[in-house]
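Chains as they are written, first to last, in numbering that gives the first Met the number 0: chain U, 0 to 439; chain Y, 0 to 163.
None of these hints come from the bench; they were simulated from the model.
Any given hint might turn out to be false.
[Unchecked claim] Heads up, incomplete: computed chain U residues facing chain Y, CB under 10 Å, no partners named: (1) GLY370; (2) HIS372; (3) GLY377; (4) THR379; (5) SER381; (6) HIS391; (7) MET398; (8) ALA404.
[What the hints assert, rightly or not] Ranges of calculated distance between the beta carbons of each label pair, as one might list FRET restraints: (9) Y/ARG152 x U/PRO139: 29 to 37 Å; (10) Y/ARG23 x U/GLN399: 17 to 25 Å; (11) Y/ARG144 x U/GLN399: 30 to 38 Å; (12) U/THR59 x Y/ALA105: 33 to 41 Å; (13) Y/GLY103 x U/ARG355: 40 to 48 Å; (14) U/ARG83 x Y/ALA94: 51 to 59 Å; (15) U/THR59 x Y/ALA94: 33 to 41 Å; (16) Y/ARG148 x U/ASP326: 55 to 63 Å; (17) U/THR59 x Y/ASP27: 43 to 51 Å; (18) U/ARG290 x Y/GLN90: 57 to 65 Å; (19) U/ASP182 x Y/ARG144: 49 to 57 Å; (20) U/ARG185 x Y/THR65: 30 to 38 Å; (21) Y/GLU104 x U/GLN274: 52 to 60 Å; (22) U/ARG37 x Y/THR101: 38 to 46 Å.
Ideal Cβ placement from N, Cα and C applies to all residues, glycine included.
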Amino acid sequence: MSTSTASHESADGVTIPGGRVAAGAGARRPFDVAAIRRDFPILRRQVEGKPLVYLDSAATSQRPVQVLAELTRFYRDHNANVHRGVHTLSVEATELYEGVREKVRALIGGASAREVIFTRGTTESINLVAHGWARARLAPGDEVVISEIEHHSNIVPWQMLRDERGIALRVIPMRSDGTLDLDVARELIGPRTRLLAITHVSNALGTVVPVRELADLAHEAGALVLVDGAQSVPHMPVDVTELGADFLAFSAHKMLGPTGVGVLWGRMEVLESMQPFMGGGDMILTVSLERSTWNEIPHRFEAGTPNFADVVAFGTAIDYLRALGLDAVRRHELDLVDHGLAVLGDVPGVTVHGPREAERRGGVFSFSLEGVHPHDVGQTLSSEGVAVRAGHHCAQPVMQSLGVAATTRASVYLYSTRPELDALAAGLRMTARFFGDAGP
Amino acid sequence: MPDRDLEDLYRAILLDHYRNPRRRGRLDGEGVVSADGANPLCGDEITVDLRLDSQGRVVEATFEGTGCSISQASASLMMEYVEGGSAERAQAGVATFQEMMTSGEAPADFGDIEALAGVARFPVRVKCASLGWKTLEQALQVAGRGETRAAGRVTTDERSSGDE
Chain U
0 MSTSTASHES ADGVTIPGGR VAAGAGARRP FDVAAIRRDF PILRRQVEGK
50 PLVYLDSAAT SQRPVQVLAE LTRFYRDHNA NVHRGVHTLS VEATELYEGV
100 REKVRALIGG ASAREVIFTR GTTESINLVA HGWARARLAP GDEVVISEIE
150 HHSNIVPWQM LRDERGIALR VIPMRSDGTL DLDVARELIG PRTRLLAITH
200 VSNALGTVVP VRELADLAHE AGALVLVDGA QSVPHMPVDV TELGADFLAF
250 SAHKMLGPTG VGVLWGRMEV LESMQPFMGG GDMILTVSLE RSTWNEIPHR
300 FEAGTPNFAD VVAFGTAIDY LRALGLDAVR RHELDLVDHG LAVLGDVPGV
350 TVHGPREAER RGGVFSFSLE GVHPHDVGQT LSSEGVAVRA GHHCAQPVMQ
400 SLGVAATTRA SVYLYSTRPE LDALAAGLRM TARFFGDAGP
Chain Y
0 MPDRDLEDLY RAILLDHYRN PRRRGRLDGE GVVSADGANP LCGDEITVDL
50 RLDSQGRVVE ATFEGTGCSI SQASASLMME YVEGGSAERA QAGVATFQEM
100 MTSGEAPADF GDIEALAGVA RFPVRVKCAS LGWKTLEQAL QVAGRGETRA
150 AGRVTTDERS SGDE
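When you get a sec, could you build the whole thing from the sequences and use the hints?
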């Protein structure tokens with residue numbers, strides 16, 4: 000697909016309504032966090048009378064004004080249903096929507112924009128593989144390999160398929176440091192394996208999984224590889240070829256984009272062998288009362304009116320990220336991981352879970368504070384303006400492996416700063432004092 | 000230092016019950032009914048045991064489980080409240096507690112439990128505070144049916160718990 004003619008793009012990428020240049024390449028070297036933060040009005044909010052310290056980006060990121068403006072601009076200037084009308088607005092909307100496929104392709108290094116399917120999010124993307132690819136193909140005796148550190152969205156669909164199709168589910172175990180046991184993986188992945196469904200970065204621990212190594216094992220065994228990129232694509236350069244992925248799933252809302260948009264990228268020859276997941280408008284070529292024929296890929300997998308306005312704004316989020324450079328984002332976050340491990344390690348009673356080396360971590364700190372339940376930690380930090388997540392992070396097997404019911408999780412992104420992590424550490428000291436002193 | 004809202008949420012009496020829970024443990028033998036509860040949002044779990052005599056009096060009440068300070072303190076206070084009273088009084092306590100979680104107003108004659116009234120302003124924590132009481136209600140229903148143990152687990156949240 001060609002990019003939009005109705006677009007407001009400049010030659011080098013990223014102009015926005017009002018003519019302001021967003022995160023212009025070259026304009027921000029080195030990584031200028033203060034300038035980036037100015038693009039995120041919510042970061043200037045006060046919470047409980049204190050400046051917001053947003054450390055929950057692994058749950059959802061904040062959005063820059065450029066993305067918000069694009070969403071409004073689309074509705075104001077171009078809104079019409081896509082793939083429908085011959086009228087000008089519909090043509091413009093279609094071009095803008097379809098143009099985002101190319102932006103996604105360029106971001107992850109796919110071979111063709113047609114390999115990009117828009118979904119509601121990572122969860123739907125994984126379910127699309129389970130229903131569109133695996134369900135018709137797998138039979139008793141076949142195995143799907145996952146890992147112990149998967150998000151529930153990469154566990155439950157396979158359990159459902161197991162129960163329906165009588166296949167087996169094999170699980171690569173987690174070691175105590177949150178990394179996967181690759182020796183066991185080598186034993187598990189074999190001739191019966193049909194699919195390896197594996198996370199790239201754990202949402203609960205931040206573990207970076209050596210996907211390529213596992214993908215090579217899977218491919219040698221003749222299996223396909225589905226990568227859950229929800230926590231990696233927003234934070235680091237991801238290339239589907241380097242990764243050895245046959246499918247890659249991720250969500251827009253964790254990477255500066257709107258909610259309700261996800262991507263399933265698949266290798267074209269695999270997509271060609273897939274059945275539609277949902278039936279309806281847009282996914283068909285012809286319909287009679289007796290039978291229908293399927294539309295081309297990717298439309299075959301996008302039944303009904305797609306979430307086109309949010310997809311268009313997602314395109315602006317990708318522009319923003321690419322203008323900064325995902326390698327620069329990763330470097331910034333690695334610095335924060337280094338700093339976070341240091342300052343959290345200095346707080347008495349804090350245990351940070353997951354790998355010790357910064358390079359093996361994404362920007363996620365999952366920790367326990369001795370004697371204080373994560374819910375109480377999260378509540379007390381909130382009174383200090385610090386937003387973290389407390390709970391099982393949709394990864395209960397990880398919690399079981401750690402021997403805890405829940406953890407507190409702080410997660411950073413491109414707008415996060417060292418002082419914010421210092422505020423987290425200070426808040427934890429206060430929490431420990433509060434629950435230590437306020438007793439009888 | 001913690002602000003006033005936080006002090007209001009974590010009253011000293013609650014932290015005391017959290018650290019030194021009353022009526023912790025399990026019961027078995029004659030007249031014991033049990034129920035299990037869970038808060039899927041945070042993985043908290045609780046088991047409530049009641050020993051009822053032939054007149055329907057709660058002669059012993061214990062709980063066991065893991066959870067945050069609010070859920071544990073609430074369960075501890077609840078057990079003090081129900082022990083020695085009738086099953087009807089315990090059931091009325093459940094209703095009074097739920098009302099307090101809605102209104103944020105401390106009712107008369109609710110003893111130290113009124114310290115939990117401040118929780119009403121923190122909707123997420125209402126589930127924590129209610130876990131023990133919902134489980135108690137389940138145990139009372141079990142007793143009312145002449146059974147000894149609830150099948151399954153009562154939860155404070157019927158939705159699947161997920162955010163991402």
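To see whether the hints hold, each was checked on the structure:
{"no.": "1", "hint": "GLY370", "in the structure": "holds, 9 Å"}
{"no.": "2", "hint": "HIS372", "in the structure": "holds, 4 Å"}
{"no.": "3", "hint": "GLY377", "in the structure": "holds, 9 Å"}
{"no.": "4", "hint": "THR379", "in the structure": "holds, 6 Å"}
{"no.": "5", "hint": "SER381", "in the structure": "holds, 9 Å"}
{"no.": "6", "hint": "HIS391", "in the structure": "holds, 5 Å"}
{"no.": "7", "hint": "MET398", "in the structure": "holds, 7 Å"}
{"no.": "8", "hint": "ALA404", "in the structure": "holds, 4 Å"}
{"no.": "9", "hint": "Y/ARG152 x U/PRO139: 29 to 37 Å", "in the structure": "holds, 32 Å"}
{"no.": "10", "hint": "Y/ARG23 x U/GLN399: 17 to 25 Å", "in the structure": "holds, 23 Å"}
{"no.": "11", "hint": "Y/ARG144 x U/GLN399: 30 to 38 Å", "in the structure": "holds, 33 Å"}
{"no.": "12", "hint": "U/THR59 x Y/ALA105: 33 to 41 Å", "in the structure": "holds, 36 Å"}
{"no.": "13", "hint": "Y/GLY103 x U/ARG355: 40 to 48 Å", "in the structure": "holds, 45 Å"}
{"no.": "14", "hint": "U/ARG83 x Y/ALA94: 51 to 59 Å", "in the structure": "holds, 55 Å"}
{"no.": "15", "hint": "U/THR59 x Y/ALA94: 33 to 41 Å", "in the structure": "holds, 37 Å"}
{"no.": "16", "hint": "Y/ARG148 x U/ASP326: 55 to 63 Å", "in the structure": "holds, 58 Å"}
{"no.": "17", "hint": "U/THR59 x Y/ASP27: 43 to 51 Å", "in the structure": "holds, 47 Å"}
{"no.": "18", "hint": "U/ARG290 x Y/GLN90: 57 to 65 Å", "in the structure": "holds, 60 Å"}
{"no.": "19", "hint": "U/ASP182 x Y/ARG144: 49 to 57 Å", "in the structure": "holds, 52 Å"}
{"no.": "20", "hint": "U/ARG185 x Y/THR65: 30 to 38 Å", "in the structure": "holds, 36 Å"}
{"no.": "21", "hint": "Y/GLU104 x U/GLN274: 52 to 60 Å", "in the structure": "holds, 57 Å"}
{"no.": "22", "hint": "U/ARG37 x Y/THR101: 38 to 46 Å", "in the structure": "holds, 42 Å"}
In terms of the numbered hints stated before, the structure departs from none.
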